[in-house]
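Colleague: Please model the entire structure based on the sequences and the hints provided.
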Amino acid sequence: MASNKKYWKSEAELNPNDSIVEALGQKEFVEEIPVDEFLGNKDSLSSSNTNRRDFLKYVGFSTAAASLAACEGPVRKSIPYVVQPESIIPGVANYYATTIADGYDFASILVKTREGRPIKIENNVDAKVHGGANARVQGSVLSLYDSTRLQGPIKNGEPVEWSVLDTEMKAKLNTLKDSGKQIALLTQTYASPSTSKLIAEFKEMYGTVNHVVYDAISEDAALSAFEARYGERALADYNFEQAEVIVSFGADFLADWQGGGYDSGYSKGRVPKEGKMSKHIQFEANMSLTGANADKRVPLTPMQQKIALAQLYARLNGSSTSGEIPEYAQRAIEGVVADINKGKSAAVVVTGLQDVNAQAVVLAINEMLGSKAFDVKAPKYVRQGNINSLNTLITDMKAGRVGALIMDGVNPMYTLPNASDFAEGIGKVDLSVAFSTNWNETTEVTDYAAAANHYLESWGDTQIKKGHFGLAQPTIKELFDTRQFQKALLLWMDSDKSYYDYIKETWNSQILAGADWNKAVHDGVYQISSTTEGELAGTVVPKGDIDKEATPAIDIASAVKKLSNAVSGGGMELSLYSKVGMGDGRQAGNPWLQEFPDPISRITWDNYVTVSKVDADNLGFINEHAANGGLDGSYAKLTVGGVILDGVPVLIQPGQAPGSIGMALGYGRQVGMKSEMQTGVNAYPLYQGFNNIQSVTIEKSTGMHEFACMQLHNTLMGRGDIIKETTLEIFNTKDHAEWNKVPVVSLNHQEVPATTVDLWDSFDRSIGHHFNMSIDLNACTGCGACVVACSAENNVPVVGKQEVRRSRDMHWLRIDRYYSSEDTFEADNIKKDEFDGLSGDKGSLGGFGELEDPATNPQVAFQPIMCQHCNHAPCETVCPVAATSHGRQGQNQMAYNRCVGTRYCANNCPYKVRRFNWFLYNNNDEFDFHMNNDLGKMVINPDVTVRSRGVIEKCSMCIQKTQKTILDAKRDGRVIKDGEFQTACSMACNNGAIVFGDVNDEKSEIAELKESDRMYHLLEHVGTKPNVFYHVKVRNNNEA
Amino acid sequence: MKKVTYRDQISRVLGISLVVFLLFSISIFAQDEAVASSSGDPAKGKTLFNQNCAACHALNRKMTGPALANVESRLSEDEGLDREWLYAWIKNSPGMIKSGDAYAIKVFNEYNQAPMTAFPTLSNADIDDILAYTAAPPPAPVVADAAAAEAVEGDSSGITNELILGALVIVFGLLIMMLILVQRTLKRIAIANGLDLEKTKAEKGVPLWKAFAQNQFLVLVSAIFLLLAGAYFAYGWMMQIGIDQGYAPIQPIHYSHKIHAGDNKIDCKYCHSSARVSKHSGIPSLNVCMNCHKSIYEYKGNPEGPSKEDLANGYTNEFYTGEIKKLYKAVGWDEENQSYTGESQPVEWVRIHNLPDLVYFNHSQHVTVAGIECQTCHGPVEEMEIMSQFSPLTMGWCINCHRDTNVKVEDNEYYTKIHEELSKKYGVENLTAAQMGGLECGKCHY
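Residue numbers (the numbering used here), protein chains in the order written: chain A, 114 to 1153; chain B, 182 to 627.
Since the hints were derived computationally from the structure, they do not count as laboratory data.
Hints may contain errors.
No more than 30 Å apart at the CA atoms, straight line, and that leaves these computed lysine-lysine pairs for DSS-like [to be verified]:
1. A:Lys-1077 - B:Lys-598
2. A:Lys-1116 - B:Lys-589
3. B:Lys-598 - A:Lys-1116
4. A:Lys-1050 - A:Lys-1077
Modeller: Printed below as a string of structure tokens:
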């Protein structure tokens, strides 16, 4: 029977008058297929010499020729050194201690080199401060091999010789010497004793030199507050390990707050020891990494945070203030006061508010508490930027009072909110030079772009914290015709000294006090003993060029008053922040960092404006999943003052304080970047007055943005066995069987622990090594340094935004982030357990739907997941070609050359850790990241196979590293010590969250951790018996 | 066999040269008496010279130090220095330089200020012997004669081979002749007996191939047989694709492992030093070559000259010396001034052993830990004039060895515990590499 149903081919058919309807009625396609272009001309087609039979002949011949040619291997050439350097043995890695001080990141690190190529960054465990490499520092080795680097000096767009620049600069400097016009140096923060000394000498020689230090993301308020109170332009140091109560007002101290480097100490205090762990309360607007780790997170807009801070001060001080904050925040403050009063010196308060009053009040509170975690005697120098002198400089430039401008490590044309003023000013400067590794917005407007060294090619020194010195040494010869800024200064001072000699002299005369220079270079760090500290500190303390007039001390009472009277400037409050992966944007051309997922949003290759659910509903913003699973979001238009930023994608962020929005700086770089790397929107124009809090109006714009998000499901749906959690109170008082339940299964109609039931025979793994990995969910902050370290160690390819959007990311190690759907994860579990029937109030049908949505202020949990190396691995049993198999040492092994790409294993993996090579990611110009050019390939680890298309890959538990450790021991004929076995992630983890080792060594740390009450395996009921285990997350959220 | 003759050659050559020396020494004695007050024994002197001086001096050639032929007469004529000066210089040259001797300082400066090793152990008589040797011309031509004579002798073995072959051919020819004769005789007897040979042939009727074609079963069986045989050989051929056993490419410099590792018995790991500590055995950098070739500037080869075989391949002494010059060019060594020019040209060797990238192989594991001889995998390198790939380097080859080879656990504390436990588990005295886990995929593929 014929049906009367009408099938619509397109929406246009709804309108019968549309011309498309007619076209579709007659033809299959609306637009003509351009067949004529290649078949229409019959003459040319028939006159062609190649007919169909010839074509087939060619195909046949070339196929046969290709297959015959494949039978013979290519001739490979091997070129040994003519004179082999003594320290290099091909195939054996060398490590050098150095320091990164690029103006944003400061860390003492080790660099692994192979045959002279730096390939990996490791932590320098000898360093007392900043010894941990974060994700950006881990990734920085790839920036060395950036194919877009400047390869030599450039004058007005044309390559020139260094001598041209030298001649012109020297002539200019000499004419400017007594002309009254200034010579301006606009630089990053160096925190370098030698550079400070060098610049002082440069000033002495040329007189009118004005050195301005500029941090793209300013900590000016904190520096000024510290200076006003303690007389030195520096930053207070905090040791969170000592703190039992940590109160933060918008300070993202686990990320980049005041130069970062605080996560290690924080994590140590977070692991429950003898029933104690620190308690962390965070008041903040954006959901930050720090807030996500807090025991109690109170969402407040920046304005409310100021009032709350004033109230805290008043309550601790016994005074009173005005100012209203929401009732829940009021209660939170009461709780904080009660916590602090339990032991004042064990508490510490920090703030990230760019407000000199707020910073001053925090210093006053810590002083009042006598906080053990608070250190002003040995402050930090990692931020030196001064807004006032920068503004003065721009005014001077515009007035034509600047004769020469030399810049290093800064990109003001990109990072300045008032870049147009700067551009105007630079037009009036006679000679402008920008030292830069890459062509960027600033080199575009200067006379000269001076190709600068990467830090791995440079000498340098740092004083990160008073008394804690670091040395930087080159780990490779300059790849290009580049020069470091300090070397240029020396040359322009007519000195033929090398910067190495200069540093050595400075150190020998001022720092080392007789200690061995070679040892200092070898260690990379040098600490002045406390006895000599006092007399030495005065001589080489690097100082920003601060106002010479004494900064007046800030009156705390009036500061508190000002804070409590804080009012919003109308509209929404925007908090500008920096992402863990991108920082201030100086490494925006680094594909590892672009593909690094933001720990909170799990979004790659983008920045966006974060909006709370309430505000999004009011303003009409939506986030939705597209048909292919990708995340789409509305666009917004932001207006700050007169600055309009249109087309900013919107992400609805659980935990965002209503009335506030957030946006990351560091994206939207354009000039000198590969097209793939030009991601996101530049938020610096909104950074008015270098204040990270702005009053903004936001409205919906047209269109939808395609995000590349690595995690589309945000909640745990009440599955508390994936991330096991408990509170400190329960942890301390109850047996672990209660809070770390072993799952049970039914055997012969009896409930038995799942661990006792097994489908398979067990192998005896008691002989030899048996590797296990422990991941402590309490110590893990989710920072992601391990993710980048893993990519670097294991040659994990970068796949690009579009592929990530298709869920084809290749990271072997991911850090899952979960939000609770109710206020806590515990409430999620209860809700799920109480489901009763399909529908109704407690129906599972609606209930599960509700559980998919995160709460407005959810609890957050991070969980690093890599291959769990199951002893009974589901992947191994389904592989038709036995490409994946198990080793006696506990590693699930993957033989790529055996894999035929059925992907059965990936489908059968309960942890979803297997990655499939959908494409050939190396030597493929479709993936123009780093594996397709000779320069970028230099970072590849020669001990790990670069995988080809069509094979599955996954975490190998760094078998290349464990095998190397074993071989070293065999060669030395000794037993392996505990701690020798390491993986890339366990080495990168500065927080002690990831511990790796041999459980058959009874005395090892890992064996001890495995016996811990907090230990559990992921999805234990599946019976996979993994070799990776986790530790139950304990939250210290007891109300005081 | 070859070795035996070679040893004979040496003893013979030594014998002949001894005679020659004795002959010459008489005349030397005659000369010396005119020049110096005392004289030495040039034969002894040669030994001493080779032991102590040859590293830096040659007779007729500037090396690290000056050429020493007739050094005594030269010094006495040009500088007026006597043998006493030479005694002092040889025994303690740094002392002479320090003491400010004019000529000592001059020589020191002339030769890149490289101080000559002091030889306090040499007695005056020893020095006399050495000087006697330096004053005597080298007795080269006689040696060449001896070598030629030897070469003729060596030829005889080649001739016997040919003779045997020829004899075999003749024997086979005779056999065939005999067969033909027998057949003819038989035929003749048959005809004589009245048998009609033509007829019997006709009676048989169907030719063999037709009968075969008609028997379908036979056709089927042989077709299957042929297919299987074809498949077998095709498989065999396919399996050797990419296995370059015997691969012996021509290298930019003709480097003879036979001369270095065989004749001169240089330890493999002297040049391939990284095999001890690294995954790579390492192709020696050119500075390693120059450790010896700074003083070995020409190939003297077998004292009796190249063998016939070598001559056939063109491996003359001049050829080898030419290859050494190639090395000098690559490393930028100026022979005249005994110094590096700084202009180097890295040598692009053709890689012989190519493991695919998907395999991780570590030399130090095998060489240092397991103590395996290089020859186990690389074959008799010391006999290879041209280096070639000896082993198939296939996975099956690796695994077979891992199955058969015992782990060397002696004196290695690393293995103590695991060996004790594992050998108990497997009930064996010695564990093989396979039992130790050497067959796991992940040990070589990651």
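Colleague: Is Lys-1077 of chain A within 30 Å of Lys-598 of chain B, Cα to Cα?
Modeller: holds, 19 Å
Colleague: Under the criterion that the straight-line Cα-Cα distance not exceed 30 Å, is the pair Lys-1050 of chain A, Lys-1077 of chain A satisfied?
Modeller: holds, 23 Å
Colleague: Please verify whether Lys-1116 of chain A and Lys-589 of chain B have alpha carbons no more than 30 Å apart.
Modeller: holds, 27 Å
Colleague: Mind checking the alpha carbons of Lys-598 of chain B and Lys-1116 of chain A for me, to see if they're no more than 30 Å apart?
Modeller: holds, 15 Å
Of the numbered hints listed earlier, not one is contradicted by the structure.
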